[in-house]
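Going down the list, the sequences are from chains A and B.
My numbering puts the first residue of the first sequence at 1, with every later residue one more than the last.
My numbering puts the first residue of the second sequence at 1001, with every later residue one more than the last.
Hints were generated in silico from the structure; no laboratory data involved.
Quantities reported herein were computed from a predicted structural model and do not represent experimental measurements.
Don't be surprised by glycine CBs; every beta carbon is placed ideally from N, CA and C.
Don't take each hint at face value.
As the list claims (entries may be wrong) - Computed Cβ-Cβ distance ranges for the label pairs, DEER-style:
hint, chain 1, residue 1, chain 2, residue 2, range
1, B, His1010, A, Thr104, 33 to 43 Å
2, B, Arg1111, A, Pro112, 27 to 37 Å
3, B, Phe1095, A, Glu42, 27 to 37 Å
4, B, Pro1039, A, Glu15, 33 to 43 Å
5, A, Ile111, B, Ser1096, 19 to 29 Å
6, B, His1010, A, Ser83, 36 to 46 Å
7, A, Ile111, B, His1010, 25 to 35 Å
8, B, Ser1096, A, Thr12, 22 to 32 Å
9, B, Ile1012, A, Ala53, 24 to 34 Å
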Amino acid sequence: GDSVTQMEGPVTLSEEAFLTINCTYTATGYPSLFWYVQYPGEGLQLLLKATKADDKGSNKGFEATYRKETTSFHLEKGSVQVSDSAVYFCALSGYTGNQFYFGTGTSLTVIP
Amino acid sequence: AAGVIQSPRHLIKEKRETATLKCYPIPRHDTVYWYQQGPGQDPQFLISFYEKMQSDKGSIPDRFSAQQFSDYHSELNMSSLELGDSALYFCASSFSATRNTGELFFGEGSRLTVL
C-alpha cells in the first residue's frame, strides 16, 4: 500500500543553519505530496505541496521538489530561524484521494 | 477565513465512559476526515466521510463510531473509553473536486484524556 518514510529526529540546528529533512514515498499511480508543520499545542498546517513530478513546492523559505525517479520529496531551507522549531510531517495523498498517509514526523529545534 | 472548528478542545473522561467530539468543516467542503494522534506519534487515519456517507475506514476501533450530518458537520463517538484512547483527535476537511491534489485543512484538535 501507499506509505511515507520520513527521516527520524529529533533534529537540533543553530539559527541560520541549512535544513534538510528526508522523505521518500511508496505509492501506486501518481500521488500528491505535502509537507505539514505542527507547532506546539496546535493543529497541522500545510507548509507546501507538489501535485506532479518535478513540481517544486515552496513557502516561507522552505522548498521541496517532487522527484519521481527517486520517489522523494525532501524538505529544505537555506537558513532556519528559531521560529521554525516545530514538528514536520511529510504526507501523501493517494490516487483516489480518500486517505492521507503521514510520515512519523521530524521534530526540529532551532537554537539561537 | 473560516477554518475547521472542533469541540470541545479539551475533554477529561473516566475509563469505560463515553465521549463525543464534534467537527465543523470549512464551508462548502464536503469531505471530513478524523485522525488520532498519540503523544509523540504521527496522525493515524480513523475514518472519512464524503457527502454524509462513509468513504474510507482506517484504524478506527469498533468502540468508536462516526457520522456526517446533513449540514456536513461530523461527530466521533467513543464508548467504553480506555486509557490508550488518550490522544489528540484531529478533524480535517477538503473539497472533493480537488481531492487528490488539494490539501486537507485541519482543525486545532480535541485533546481527550482518559483517567
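Query raised in the report: Going back to the hint list, which numbers does this structure go against?
Result: 1, 3, 4, 5, 6, 8 and 9
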